[in-house]
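Residue numbers (this note's numbering), protein chains in the order written: chain A, 1 to 338; chain B, 1 to 338; chain C, 1 to 338; chain D, 1 to 338.
These are computed hints drawn from the structure, not numbers from a lab. Hints are not guaranteed to be accurate.
Note: identical chains are not told apart, hence a pair may lie in one copy or across any two.
Claimed, not checked - Only pairs whose alpha carbons sit at most 25 Å apart, straight line, appear in this in silico SDA-like list of lysine to any residue:
#	residue 1	residue 2
1	131	61
2	225	241
3	225	74
4	29	47
5	225	335
6	29	286
7	182	134
8	131	288
9	29	40
10	182	245
11	29	82
12	225	78
13	225	143
14	131	211
15	29	271
16	131	286
17	182	211
Protein chains: 4
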Amino acid sequence: MIRVGVLGYGYWGPNLVRNFWESPGTDLKAVSDMSAARLEAAHARYPAVRMTTDYRDLLEASDIDAIAIATPVSTHFDLAMAALRAGKHVLIEKPMCETSEQAERLIEEAAHRRLTVFVEHTFVYTGAVRKISELARSGTLGDIYYYDSVRVNLGLFQRDVNVVWDLAVHDLAIMDAVLPQKPVAVSASGISHFPGSHEDVAYLTLFFDSPMIAHVHVNWLSPVKMRRTLLGGSRQMVVYDDLEPSEKVRVYDRGVTLNEGAEDVYQMLVGYRTGDMWAPQVGVTEALATSVGHFAESISAGTVPETDGEAGLRVVRILEAASHSIADRGRVVDLARR
Amino acid sequence: MIRVGVLGYGYWGPNLVRNFWESPGTDLKAVSDMSAARLEAAHARYPAVRMTTDYRDLLEASDIDAIAIATPVSTHFDLAMAALRAGKHVLIEKPMCETSEQAERLIEEAAHRRLTVFVEHTFVYTGAVRKISELARSGTLGDIYYYDSVRVNLGLFQRDVNVVWDLAVHDLAIMDAVLPQKPVAVSASGISHFPGSHEDVAYLTLFFDSPMIAHVHVNWLSPVKMRRTLLGGSRQMVVYDDLEPSEKVRVYDRGVTLNEGAEDVYQMLVGYRTGDMWAPQVGVTEALATSVGHFAESISAGTVPETDGEAGLRVVRILEAASHSIADRGRVVDLARR
Amino acid sequence: MIRVGVLGYGYWGPNLVRNFWESPGTDLKAVSDMSAARLEAAHARYPAVRMTTDYRDLLEASDIDAIAIATPVSTHFDLAMAALRAGKHVLIEKPMCETSEQAERLIEEAAHRRLTVFVEHTFVYTGAVRKISELARSGTLGDIYYYDSVRVNLGLFQRDVNVVWDLAVHDLAIMDAVLPQKPVAVSASGISHFPGSHEDVAYLTLFFDSPMIAHVHVNWLSPVKMRRTLLGGSRQMVVYDDLEPSEKVRVYDRGVTLNEGAEDVYQMLVGYRTGDMWAPQVGVTEALATSVGHFAESISAGTVPETDGEAGLRVVRILEAASHSIADRGRVVDLARR
Amino acid sequence: MIRVGVLGYGYWGPNLVRNFWESPGTDLKAVSDMSAARLEAAHARYPAVRMTTDYRDLLEASDIDAIAIATPVSTHFDLAMAALRAGKHVLIEKPMCETSEQAERLIEEAAHRRLTVFVEHTFVYTGAVRKISELARSGTLGDIYYYDSVRVNLGLFQRDVNVVWDLAVHDLAIMDAVLPQKPVAVSASGISHFPGSHEDVAYLTLFFDSPMIAHVHVNWLSPVKMRRTLLGGSRQMVVYDDLEPSEKVRVYDRGVTLNEGAEDVYQMLVGYRTGDMWAPQVGVTEALATSVGHFAESISAGTVPETDGEAGLRVVRILEAASHSIADRGRVVDLARR
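Taking the hints into account, I'd like the entire structure generated from these sequences.
Given below as structure tokens:
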């Protein structure tokens, strides 16, 4: 049983707290937030859990093994570093940090102290993404041709990050888990429509060392909500629509065939085939429940979690490169290797 | 009554021929194609129309006022120039030419001879695009924030052009008609998955001299067909789904509001409002019927058609720039002004 | 402030309890259920609320003004009658009772004691149904031609009632609130596929004294969930899809026109017109919050609630008649007037 | 090669004519219609085919083997009987006749003369219905629980028949081909909203000698078009949506399981299971092409066509019974056996 303290009871914190409370592998001990009003709400809901406005109370507590951080991104590094130095394992909400340099330092500190760093890439723990990952990595889809994602809705504008750090982070985390290869460069464009506000519409293109391309469209100004990913392979293709109530993942037995020797001026060199569509049943467990369970197991068993600090770092590197690219009107930025 | 000859009876030619045949303002005189088999099919359908494998017969015919060109793109310039020199008005299928330099020369030749050049940007003549244009240009939508289009399906691979010249040409033509401003630069990325074949997946970003951005996703390898455009404005927003059988255009009374003085660390600076949605009835006349009618009227009245050579040139310039950008991994290419 | 006790903490009870707890107009005092385990769960959530396995504790409590009944239908009458006799106002979950005779007796008892009987017809308090009611009753839709509802899904089989009493009750309650007229007869067909189980698929047709028809399809064996109502009027028509995340109510400016003097053997006597579609923004307040608030207000102000005992009785009468009709292979059963 | 003459070039006739013209198994010889204008249109399209306003020319022609009848329903019997007496095979559009007695007489006449009677139940020859039939008859779906169809749209009002004879005829023809059992009784309700016009909204319930039920909703006054059938079986369930562009048939591995010994007052006796969904690729050949091909083959090979006179008769019997039931407010009408 991993004893947990949670920092931050704002937008996402209550979900973390609820899952730590309900998970059989974790024991929720304390919650910290700067707002007394929010703590009062938390107390009404969890009277047996300690509440404090001073996060240091949690770092110093001897009955706490792990700290979960659900505060604004700008505070992730300092809080996580303090927690590691206090000998606590850490779960950090996505994105992991503001810079890749910060992420690297956290990874080193944790390695040095033999502590677990878990980046809470929620979508990786959904039944849908697990199924897609299985299809992509088992070769069922064949060679991956492209990954295309649209993640748009109206609002909610974030105060401290732009739409890329807010929304594309999900797609980058999913790609990191699903795709057999890692991107080598990124080009991004974005625009802000309100003075003093961050980019609210953006497009990212990821380049690979193979004939594959990935693209993400994120937008806080869309009149309709969409969460749809196309994943094209040489054998099969996937449409993943996270807003579909039941058939979130659809696998199409469709593709392209090469027509040898087509000579006609109007005729295509490349034909296509269409076959059945198949929507596998996917698990409906709340992703966060799986996520916190996996966090606790990793600590207990001393194993490397699926979304470890390295995964968090890879995602932050792309976000960082995307920010540089946006600032330079889409210039391609190479991703450093480690 | 404009007397017309059509060059090319391949993929799109039969649609042109049918509409010239049925249009009250045009009189279809002759059809030319290099394939005797295709001409035979045309003859069976239109026994009263002359058929020939030599396009020069049409250029020389004294009973023909205008030539419509529905041949592969690589032949557009030569055929259109020959037609103009023979004193014929020309309708050219999109894209107008292979290069902007070709387009410019055609415009000059036509101006010199006082002949009409009409670029057959079909979608501009649909009821849906006419309605959107009306909304955008009347100020109903407010300031335009972005234009985002997805145009994907499985196949059909083109022999002589890539997916940008095949599919994005439609979006660029629509934007040219709808948006109050013209783009100043373009960045594009694309990839080819088959040896010796053109790019089959591509992304274009268009930059403007105002806080507006446009983006087009075109793809010949999508398991599902999509034709969906988002157009965000400061007052209202539009979703245009060309595959919707009845409500192709949806206007959302939704947008963003600025919250002055929001101080909370989690609170948004920008809020949003949601209101009614409205799907105006749009005309269902076949776009090509409207298009050939407008062509004939422009000639008869001596007026400049909506999709004249300049419109065709503007679209070709962007296609050209996009090709350069793709070849250079997304480098931004400025669009020349005229 | 109305002080409330809730009987039943099974499927729907927790929702009632939560809303009474959160509503500004009500003060939740006690909850009763036969299961100690369920009460324990309730206690963990609401430590300040009294829990008891004996419902009589609530009837006898001097600090309770009103009793809410969320127990199986077969117990509604006895519990509601006991509550009224104890001088308490009552909120009864739908369907109100097992028979119309029971409903009539509750109404009489309440009238005699000047107590409020509120039947918790939840859907009547949704933003969508309020909007439709407004459209239908204001004449915007014109004369109502038909009301057609499909309410199907897989499971959940009920132990004590058939699919009509479980699902059609919602449609009957909505119709009671929306339609300007009341039905005069009902014909119903249904079938049970499992030994010892109730009807799991059923169809109801309601007849009126005017050229209007209503129909309800309810089904516990559908592979997909549907909650869709068509409401046709002479001026406008409504599609109400409760599963749509945002545009639940769509109003179509479509209808039929009579062509005078059409003589052709193939030509229609009746033409049709199509116009715009409009999806009004509808309130998103949880229906049960509105419902319990209206219950409390009715008691405080001494006014008749919208879904009073008479509304509950009208719905039970149709359910009762439908049961008779199903047992007699769809025989039309006239509805008694009061 | 079957030599064919077609009677009627109104709404559906042009489709028949086109398919007979293009089918490799048939040779279109002549077309008859009372309207000279319609014949002129036909002639322009098929200059090699004889046109006549006198249908007797076709019956007397020695170069015609078979007559196809696409005239109003009220003329089907007389024309078909005349054709049979002239020694011609007949294809009759659905519904076959106005009465079952007429259908019986045609069957007898054809049997006597050893001629083929083919009722053109188009939907039976679609790829979608062929696939569903295969699933239902092979036992893949298990026992059939219900068949539920919705076929609604705005207009087109028919001059000579009501909405049941116009639209439900399709569902009855599909059921006749798909379901392993035949109905034994029917109850129907319908209503007309326009003076002197036929029923425009109707509901049919079909009863069987087994625990199965079928239901059809047809409506000429729906603001939206729907063509959707649910087919529930004990093993799998089908949703057939004819308006879906690609996945018309969806097979759900979902169903119900009996929970033995469930004792809890709130617990269900019946649980359910959900599994994968599968959308088999279905043939996209135009149904009418398959239909006329099958007609020609049946004549050539002397075999009984799938939609023979008996199938047409079974459908007319149900339509006839439905009309009686509607006239008597839904009274159950038993279907005669043969």
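Now for the hints, and whether the structure bears them out:
Taking CA atoms no more than 25 Å apart as the test, residue 131 paired with residue 61 passes in neither setting, with 39 Å inside one copy and 54 Å between copies. Taking the shortest Cα distances, residue 225 and residue 241 sit within 25 Å of each other both inside one copy (11 Å) and across copies (15 Å). Taking CA atoms no more than 25 Å apart as the test, residue 225 paired with residue 74 passes in neither setting, with 27 Å inside one copy and 41 Å between copies. Taking the shortest alpha-carbon separations for residue 29 and residue 47, both the intra-copy value of 11 Å and the inter-copy value of 19 Å come in at or below 25 Å.
For the homomeric pair residue 225 and residue 335, neither the shortest alpha-carbon distance inside one copy (31 Å) nor that between copies (33 Å) is at most 25 Å. Taking the shortest alpha-carbon separations for residue 29 and residue 286, only the intra-copy value of 22 Å comes in at or below 25 Å, while the best inter-copy value is 33 Å. In this assembly of identical chains, the alpha carbons of residue 182 and residue 134 lie at most 25 Å apart only when taken from the same copy (17 Å versus 45 Å across copies). Only within a single protomer do residue 131 and residue 288 lie at most 25 Å apart by alpha-carbon distance; the minimum there is 17 Å, versus 37 Å between protomers.
For a Cα distance limit of 25 Å, the shortest separation of residue 29 from residue 40 qualifies both inside one copy, at 16 Å, and across copies, at 22 Å. In this assembly of identical chains, residue 182 and residue 245 lie within 25 Å of each other by CA distance neither inside one copy nor across copies; the values are 31 Å within and 36 Å between. In this assembly of identical chains, the alpha carbons of residue 29 and residue 82 lie at most 25 Å apart only when taken from the same copy (18 Å versus 46 Å across copies). For a Cα distance limit of 25 Å, the shortest separation of residue 225 from residue 78 qualifies neither inside one copy, at 34 Å, nor across copies, at 47 Å.
For the identical chains of this complex, residue 225 and residue 143 are inter-copy neighbours only, at 21 Å across copies versus 30 Å inside a copy, given an alpha-carbon limit of 25 Å. Proximity of residue 131 to residue 211 under the C-alpha cut-off of 25 Å is restricted to the intra-copy arrangement: shortest distance 24 Å within a copy versus 38 Å between copies. Taking the shortest alpha-carbon separations for residue 29 and residue 271, neither the intra-copy value of 61 Å nor the inter-copy value of 35 Å comes in at or below 25 Å. Within a single copy, residue 131 and residue 286 get their C-alpha atoms as close as 15 Å, which meets the 25 Å cut-off; across copies the closest is 34 Å, which misses it.
In this assembly of identical chains, the alpha carbons of residue 182 and residue 211 lie at most 25 Å apart only when taken from the same copy (12 Å versus 33 Å across copies).
Of the numbered hints stated above, those contradicted by the structure are hints 1, 3, 5, 10, 12 and 15, listed in ascending order.
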